[in-house]
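Engineer: Sequence:
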Amino acid sequence: MHAILLPRTGGPDVLEWREVETPRAAPGEVVVAVAAAALNYSDLLQRRGTYSLGIPLPLILGIECSGTIVELGDGVEGWQVGERVCALVAGGAYAEQVAVPAAQLLSLPANVDPIAAAGLPEAACTVWSNLLDIARLRPGETVLVHGGAGGIGSFAIQTARAMGCRVFATAGGEAKLSRCSAFGADRAISYRDEDFVAVVRAETGGRGVDVILDNMGAPYLSRNISALAHDGRITMIGLQGGRSAEVNLGQMMGLRASLFTTSLRDRPLAEKARIVAGVRRDLWPLLENGRIAPVIDRTVPLREARAAHAYMEGGGHVGKILLTA
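Under this note's numbering, the first residue of the sequence shown carries the number 1, and numbering increases by one thereafter.
Do not take every clue at face value.
What the hints assert, rightly or not - Okay, the calculated beta carbon distance ranges per label pair:
(1) Ala198 - Glu304: 37 to 45 Å
(2) Glu246 - Asp282: 22 to 30 Å
(3) Ala175 - Arg24: 29 to 37 Å
(4) Thr204 - Gln80: 46 to 54 Å
(5) Met252 - Leu59: 36 to 44 Å
(6) Gly172 - Ser244: 47 to 55 Å
(7) Pro27 - Asp195: 27 to 35 Å
(8) Leu269 - Thr22: 19 to 27 Å
(9) Leu59 - Thr324: 16 to 24 Å
(10) Gly250 - Ser190: 25 to 33 Å
(11) Ser107 - Val20: 25 to 33 Å
The hints are simulated quantities; they were obtained by calculation from the structure and are not laboratory data. Where a beta carbon is used, it is the ideal one built from N, C-alpha and C, also for glycine.
Could you build the full structure based on these sequences and the hints that come with them?
Structural biologist: Here's what the structure looks like:
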């Protein structure tokens, strides 16, 4: 088969379209013929050589995809060859085929396009594990989503809105702010021109927000704490702005605040299986009844992954960028 290989770190030009060995299904796995794979920010970090997990090269990028099951490994039950699925994977999705643990498969939601479904697993699993599982978001609470126009942010806004929460979202530029409002944000905040702490404080009568989903890390931490309500929770899913920051523990204690730093890819298989099961139970019905929908910026042929990476690095996308096999 063919795949996009990352032989060394660098810019988008290091990605190579190569013929590689076709995967086989190990016990408990299936092989999926990939229809589409989605780009994620972690793919850029791996390509640049700044990914914290330090996975050795060469490798095939890609942590989510959609496609059709073409092989079942020993012990796999409940799935059939020919069934269309989407999947969370630990890598290897930028390829014509990928081996996937059966516990990380999801059936395609009714009425969701099979290509667009490639942009669902990572966002859905990240949002479920952080907002619903870790932060224990409840209907009627108030949420602040940073990076509201991205793949995870757009899914988080829709999920919180579907739960009956009040949603604030940050983004840059009028077009992205408008899209955040269309996704369901009650107030879209320009991180370029507005102080999100002042906005949420004013909009909540000084109370602050119950939950913050943050992808920026260090430069936002102190401001996130200042934006929290009592008993507020911050779930930090990315460090796009930096890794090191001072924390005012006295301020956090005064608010009875909680800070969670989380990741998805390096969790054990059993934990990923639990998250996928939670997504299937809690979020798939919202997709099937149309209350949440995948947000796709554009599709690019798999062999043109270099162009897709360059486009993503430009920061102008809204939602997911997909690579079609």
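Engineer: Compare the structure with each hint and give your call.
Structural biologist: Right, here's what the structure says about each hint:
no. : hint                        : result
1   : Ala198 - Glu304: 37 to 45 Å : holds (43 Å)
2   : Glu246 - Asp282: 22 to 30 Å : violated (36 Å)
3   : Ala175 - Arg24: 29 to 37 Å  : violated (45 Å)
4   : Thr204 - Gln80: 46 to 54 Å  : holds (50 Å)
5   : Met252 - Leu59: 36 to 44 Å  : holds (38 Å)
6   : Gly172 - Ser244: 47 to 55 Å : violated (24 Å)
7   : Pro27 - Asp195: 27 to 35 Å  : violated (54 Å)
8   : Leu269 - Thr22: 19 to 27 Å  : holds (23 Å)
9   : Leu59 - Thr324: 16 to 24 Å  : holds (21 Å)
10  : Gly250 - Ser190: 25 to 33 Å : holds (31 Å)
11  : Ser107 - Val20: 25 to 33 Å  : holds (28 Å)
Consistency note: the structure conflicts with the earlier hints numbered 2, 3, 6, 7.
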